[in-house]
Amino acid sequence: MEVQIPLLTILLVLPFIGAIATLFMGGERAKSAKYVAGAFAGITALLSLLLFFANDLSFYDECYGWIDTAGLKMSFALGVDGLSMLMVFLTSVTVFLVILFSAAEKDRPNYFHTLILAMEVGLLGVYMAQDYFLFYIMWELTLVPMYFMISWYGGPRRHYAAIKFFIYTHVASLVMLIGIFALAFNAAAITGGGYLADFSFAAVAAASPLFGTTFQILVFGLLFFGFAVKMPIVPFHTWLPDAHVEAPTGGSVILAAVMLKMGSYGIIRVCLEVLPEGAVWWQPIVILIALLSIVYGAFACIAQTDLKKMVAFSSISHMGMVLLGIGCLSDAGVTFAIFQMFAHGLITTVLFMVCGLTGHNAGTREIPLLGGLAAKMPIYSAFMMFGFMASLGLPGLVGFWGEFGVIFSFYEYTVSIDMIWLIIFCLLSLLLTSGYYIWAMQRTLFGKETDKIDVAHVHDVSLSEGLALGVVCALIALFGLWPDLALGVIQTFSQGFISGVMI
Amino acid sequence: MFIEFSWLIPLIPLLCFVIIGFFGTKMHEGGGYLAIAGAAVSTLIAVLVSYEYWTSAAFASGVPYVASMEWFAFTSTTGSFVMNVGVYIDSLACMMMLFSSFISLLIFIYSVGYMSHEGNKKRRYYAEVSLFLSGMLGLVVSSNFLEMFIFWEIMGLCSYLLIGFWSFKHPEGDAASINAASAAKKAFLVTRLGDVSLMGGLFVLLYAFQSLDYTVLFDVNNIAAVDSNMIALAMLLVFGGVIGKSAQFPLHDWLPDAMAGPTTVSALIHAATMVKAGVYLTARAFPLFVQVEYVMLFVAVIGGVTAFIAATMALNNMNIKKVLAFSTLSQLGYMILGLGAGGYVMAIGIKHGDPALIAAGAAGYVAACLHMMNHAFFKALLFLGSGSVIHAVGTEDMRQMGGLAKHMPITSKTMLIGSLSIAGFPLLSGFWSKDLILESVMDAFTEPVGWVFVILWTLAVITALMTAFYMFRMWYMTFHGEEGHAAKHCHGESPRTMTLPLMILSVFAAASGLLILFGFGDTVCIGFDGTKFIVGNGHGHDAMYYLEHIFTNVYTYVTILLALLGIYVAYLMYNKKTLNPGRFNKEGQSFIYRLFANRWWFPEFYDQLSLKLGYGTACGVDFIDKQIIDGTVNGLSSSVVGGGEVLSRAQTGNLHSYAGVVVGGTIILAVIAVALFYFMGGI
Chain A
1 MEVQIPLLTI
11 LLVLPFIGAI
21 ATLFMGGERA
31 KSAKYVAGAF
41 AGITALLSLL
51 LFFANDLSFY
61 DECYGWIDTA
71 GLKMSFALGV
81 DGLSMLMVFL
91 TSVTVFLVIL
101 FSAAEKDRPN
111 YFHTLILAME
121 VGLLGVYMAQ
131 DYFLFYIMWE
141 LTLVPMYFMI
151 SWYGGPRRHY
161 AAIKFFIYTH
171 VASLVMLIGI
181 FALAFNAAAI
191 TGGGYLADFS
201 FAAVAAASPL
211 FGTTFQILVF
221 GLLFFGFAVK
231 MPIVPFHTWL
241 PDAHVEAPTG
251 GSVILAAVML
261 KMGSYGIIRV
271 CLEVLPEGAV
281 WWQPIVILIA
291 LLSIVYGAFA
301 CIAQTDLKKM
311 VAFSSISHMG
321 MVLLGIGCLS
331 DAGVTFAIFQ
341 MFAHGLITTV
351 LFMVCGLTGH
361 NAGTREIPLL
371 GGLAAKMPIY
381 SAFMMFGFMA
391 SLGLPGLVGF
401 WGEFGVIFSF
411 YEYTVSIDMI
421 WLIIFCLLSL
431 LLTSGYYIWA
441 MQRTLFGKET
451 DKIDVAHVHD
461 VSLSEGLALG
471 VVCALIALFG
481 LWPDLALGVI
491 QTFSQGFISG
501 VMI
Chain B
504 MFIEFSWLIP
514 LIPLLCFVII
524 GFFGTKMHEG
534 GGYLAIAGAA
544 VSTLIAVLVS
554 YEYWTSAAFA
564 SGVPYVASME
574 WFAFTSTTGS
584 FVMNVGVYID
594 SLACMMMLFS
604 SFISLLIFIY
614 SVGYMSHEGN
624 KKRRYYAEVS
634 LFLSGMLGLV
644 VSSNFLEMFI
654 FWEIMGLCSY
664 LLIGFWSFKH
674 PEGDAASINA
684 ASAAKKAFLV
694 TRLGDVSLMG
704 GLFVLLYAFQ
714 SLDYTVLFDV
724 NNIAAVDSNM
734 IALAMLLVFG
744 GVIGKSAQFP
754 LHDWLPDAMA
764 GPTTVSALIH
774 AATMVKAGVY
784 LTARAFPLFV
794 QVEYVMLFVA
804 VIGGVTAFIA
814 ATMALNNMNI
824 KKVLAFSTLS
834 QLGYMILGLG
844 AGGYVMAIGI
854 KHGDPALIAA
864 GAAGYVAACL
874 HMMNHAFFKA
884 LLFLGSGSVI
894 HAVGTEDMRQ
904 MGGLAKHMPI
914 TSKTMLIGSL
924 SIAGFPLLSG
934 FWSKDLILES
944 VMDAFTEPVG
954 WVFVILWTLA
964 VITALMTAFY
974 MFRMWYMTFH
984 GEEGHAAKHC
994 HGESPRTMTL
1004 PLMILSVFAA
1014 ASGLLILFGF
1024 GDTVCIGFDG
1034 TKFIVGNGHG
1044 HDAMYYLEHI
1054 FTNVYTYVTI
1064 LLALLGIYVA
1074 YLMYNKKTLN
1084 PGRFNKEGQS
1094 FIYRLFANRW
1104 WFPEFYDQLS
1114 LKLGYGTACG
1124 VDFIDKQIID
1134 GTVNGLSSSV
1144 VGGGEVLSRA
1154 QTGNLHSYAG
1164 VVVGGTIILA
1174 VIAVALFYFM
1184 GGI
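Heads up: the protein sequence lines correspond to chains A and B, in order.
Quick note on numbering: the first sequence equals residues 1 to 503 in the numbering used here.
Quick note on numbering: the second sequence equals residues 504 to 1186 in the numbering used here.
These are calculated hints, taken from the structure and not from any lab test.
We treat Cβ as the ideally placed atom computed from N, Cα and C, and that holds for glycine.
Any given hint might turn out to be false.
Claimed, not checked - Derived list of chain A stretches under chain B, where covered just means 3 residues or more per stretch with a C-beta under 8 Å from a C-beta of chain B:
(1) 126-132
(2) 293-306
(3) 408-415
(4) 446-452
All chains should be modelled from the sequences, with the hints used to inform the complete structure.
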């Protein structure tokens, strides 16, 4: 008999061991924590790469009984499909690069790496869970390390930002939890397996066609709120800029590149897959919120003076684009929304690393204090320009395909409801996006060399930072020139994903 | 045998970009020789490919050579599409790639001299111009709109990088570098506005045709299946992209500012790449444009207006490069006007099935294409000539020049040829194409709303007068009269790497228009036989037709006289000094003078618009975000937890109490959830 290697469990256990190991590397050994963390994260990333090129993802499906008592059925079930796969790949690669990038971290490096690896466990768990209870546990698991990441390693207002981040997203998770309970209880009642509540994805999916319309609309609302705060959407976004401004670079990268995606992942995975009738009812509102986020986020970017806050707001705008694709309720929309999630994950990694470098190497991130950095920091400037260009959707880089596809799907939708003019908002946001990026570059990189900061201490990127940035930029170009690499994987999930109810 | 390798044409400069970008610092001249070699190979392949296409059976039967492969496919329940990459070679593409690669080659050679003192910035320069050339050539050979759009945007990026080449550490100091950064920003954002519009057009086309391949979109049967309003909308949006890229009114204002870059870059942008892309796109998408006549009317009006107002701005400008920039705008306006007028006539011809009108419309297309090529040669010559002057005297202000003819004889003479050509001096290239454009506008007089074309024709003729005047104003101010302050420090004639391209270009600038007598009209042409669009071959007119048409038309002599008059007035004002230009300008205060000198106040208008509307809205949003949305969040949390004092105390990091709150909350919510389930269980 062929023995199947539990690859997914290994993916989850590796960073967990790494986290424990680095936790106990106090004192003298703290300096070498980065090598241990790097090794564990590196192997995890390589395994996920292996998984990325697997022929049949459904082969990797692992389920272990967990809690089966008092009418509750929860299992430790993991699985991947086209949607999960991209996110797992993104998570493991980002985490590895963050560790590489943060090689110079001097402040309690062992705990820093523990927190990063603990986050990786939670994130991978969210993306691979096949059980709602496991999903929720993992979801909450990501919160705690991020809280400590901000409040230990953050900027001057780190406690405020960390508490705000924690409470805000936790309240949202609790609302989501109500939705999950509703799903599990109702599914158990419908499938009639003798349980009071059955949390497995399979049971809920099996019961999904029998969910009543009112139930779907209500539960969609609860879950959507929970997920959307995480994305985040306007007007529930204000935790994000604060968290980003205070978080250390590594934390920001993970937060923006991977953690925000949990929200959109949840919407696709739960709201759309399980509650299609609810999705149809909520569609106009979702579209409206998405458009609002896109345009509002873009305008807010223009007014920011902190480079990192600007990039944080740009995340809101770009995640609005993801929500817009989801809101189209079409195969194309979902496909390109997922692509946009992936693209934004890669691009935002560059952006936050660059912001971190600005603060660290130039001494401040305040745009009005900067200027003429290109002369002193040419490599940094090249990366910044590359990241900004990718983010504003330059064709040939990965960001273009997500935006192009999403707006095209949205155009299809607007034609179907006879309101073509709605795409003006998307096109406007593209223009605004170019506007704030180009303007920010003009003020930071070009023009007169600044005299408002200590120019003598300005220095360019270090080797490990450059290496990490170089790898992400290469990935951005690779997936931009060869979008099929990601689209192919996504389409194994999204082809025919949209149920008949939604069309 | 060569045409199968036409994809190499854009790829070779792209390869040069990558190699120079990474290893340029270790190479001679920062990779300059590699860039030249790359452009030379591309030119060679372009020549071979064009020769092969023009001798092929495909050309003889009026179809393009198309080869493409799948890039990625998308399938869904609502519609699937396949994105291809490939090449689409017809006479238009051949003409474009020939003159783009050839002129770029000359500009690269010239750069060796012009950029000689740039030190380690040469690597960046040669890498970026190679990418720029690759963008243009890729755009030209693309086989579908999306592929074209990608190269279109790459060119936008390159123009941004190159206009801002001196945006830090400018040789002339900080003010100049701030200026360069601002100009680069303006160029990128204004063209981006057009690009966004173009992207919108692509969405409409992709939705309507389920494809963006030229072969699908230009197929009459497919076109017939699509609602003509949709095509009109798509083409108006696509033309929005043209307005941005080819700097047409009202998005023309970035081009004069773009002079902040090195002069070679200006030559590249104005002659070989960038602004030609918009005109090319209009010509390329002609089969779609001519489906709706009012779209073409719009195109023509935009072109005519641009030609006129841009010429007025050149009349009293003192900066040698800016004068040339305005003249580019004006000439681009002519091209768009020719395409619009010809397209308008052709659209009506197609609508009524009238072959005579279709042929008359095709003449406008031919004229615009010819003018595009002629302009590429004489504008490259003029820019490189002005670069030679600036290189020698170190200023762009024409008041500080003067009398340079004896210091720089080659530059002076070659620029004279360029100026005569652009002014429309009889038998030089500008004369042929400009006259043909004017005639194609006249062909539209007898069609519906012909009065619009009468106005446009009048504007275009006045523009011809102004063109002759401002070009010779520039030439006399630079090369004749008293020596200005800077002219006294003139280094003398520029090195051979710079004068050689000037001399080569002046031959083309003088003679390229004569191609109209050697089959240009039969080659770069578009026809429609009722069932399909025919590219090139035999559907234009022969040399005798054009000769007869041009020289039997009384208005031809009117424009010749106006051109000569313009030259003569410039001679009187700036050489003989018998006519004082100050009489039109009462101490710089006359309204007309200020109108022209301030570019009709477009820059102020845009600055105010972006400041008040863009930045103002942004500040409003920021206020709402901080005060109202976040204010509500903070207010809510403090009222829940019990005042800001408590919250701030809680923020000291005591997570235990929070854990308690969280666990308690979870339990309460779980109870609610169970109740909810029982409440709704029956649904």
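Tested hints:
no. : hint    : verdict
1   : 126-132 : violated (count 0)
2   : 293-306 : holds (count 7)
3   : 408-415 : holds (count 4)
4   : 446-452 : holds (count 4)
Going down the numbered hints, you'll see the structure goes against just number 1.
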